[in-house]
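With the hints as extra help, turn the sequences into a complete structure.
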Amino acid sequence: MTSALIGRSLPMEALATTESDYLQLGETSARTELWDGGVLTCPRDTPRHQLILNALANALRANRTDLNVVSGVPVRLGPGRIAVPDLIIAGAIDLDQPLVEAQSVRLVCEITSPASATVDWTLKMHAYAQARIPCYLVAEPERGLLHSNMLSAQGYVEQSVMQLVRVTGLDL
102 MTSALIGRSL PMEALATTES DYLQLGETSA RTELWDGGVL TCPRDTPRHQ
152 LILNALANAL RANRTDLNVV SGVPVRLGPG RIAVPDLIIA GAIDLDQPLV
202 EAQSVRLVCE ITSPASATVD WTLKMHAYAQ ARIPCYLVAE PERGLLHSNM
252 LSAQGYVEQS VMQLVRVTGL DL
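In this text, residue positions in the sequence shown follow our numbering: the first is 102, and each later residue adds one.
Watch out, some of these pointers could steer you wrong.
[What the hints assert, rightly or not] Restraint ranges, calculated between C-beta atoms of paired labels, are given here: (1) T223 with R145: 33 to 41 Å; (2) T119 with R165: 32 to 40 Å; (3) L168 with S253: 21 to 29 Å; (4) R233 with R149: 27 to 35 Å; (5) S121 with V266: 43 to 51 Å.
Hints listed in this document are in silico derivations from the structure and should not be mistaken for laboratory results. Keep in mind that this is a model prediction, so the values were computed, not measured. Here a beta-carbon is modelled for each residue, glycine too, at the ideal position from N, C-alpha and C.
Right, dumping it as structure tokens:
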């Protein structure tokens, strides 16, 4: 099995297994995450995914100068776990560091696709809760829903579900 990274195919056994190896990969052609010694790659985002991501980022950024709204940045959830959420909201962070520490993240957001929905609702939801990230948003474009989940002692508890009516308010 191969995975497209760094512009060429690499055998899976050649992929990073430690955080140090992962960080040495640098920029890759796919979203690459480290999960307990294994590498998970996700396909590039579609234009629809990007439109939803930008709309959410703009809405969450509105009138907030005290928070950093960042997309596609690696977040260290714990030893050997580095996720690349679609979007995060963080307090003070070093904007020149390649990773954001989970304790700086106040909200994490994933936009599901048919290929990622199971991972977003299980592996990532559990890992973000373990890392004590207070809020987890999950956008489901296929169903037109945005789920808001807040952290409790038992994990995330769904607080609200919003209907996503339109990606943009522009009538072009």
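Hints and how they fare:
For the pair T223 and R145, the supplied restraint of 33 to 41 Å is violated, since their beta-carbon distance comes to about 22 Å. Separated by about 36 Å at the C-beta atoms, T119 and R165 satisfy the suggested range of 32 to 40 Å. Distance hint for L168 and S253: a CB-CB separation of about 22 Å, consistent with the stated range 21 to 29 Å. Range check, R233 to R149: about 31 Å between beta-carbon atoms, so the 27 to 35 Å window is met.
Judged by the Cβ atoms, the range 43 to 51 Å given for S121 and V266 holds: they are separated by roughly 45 Å.
Taken one by one, the earlier hints fail for this structure only at number 1.
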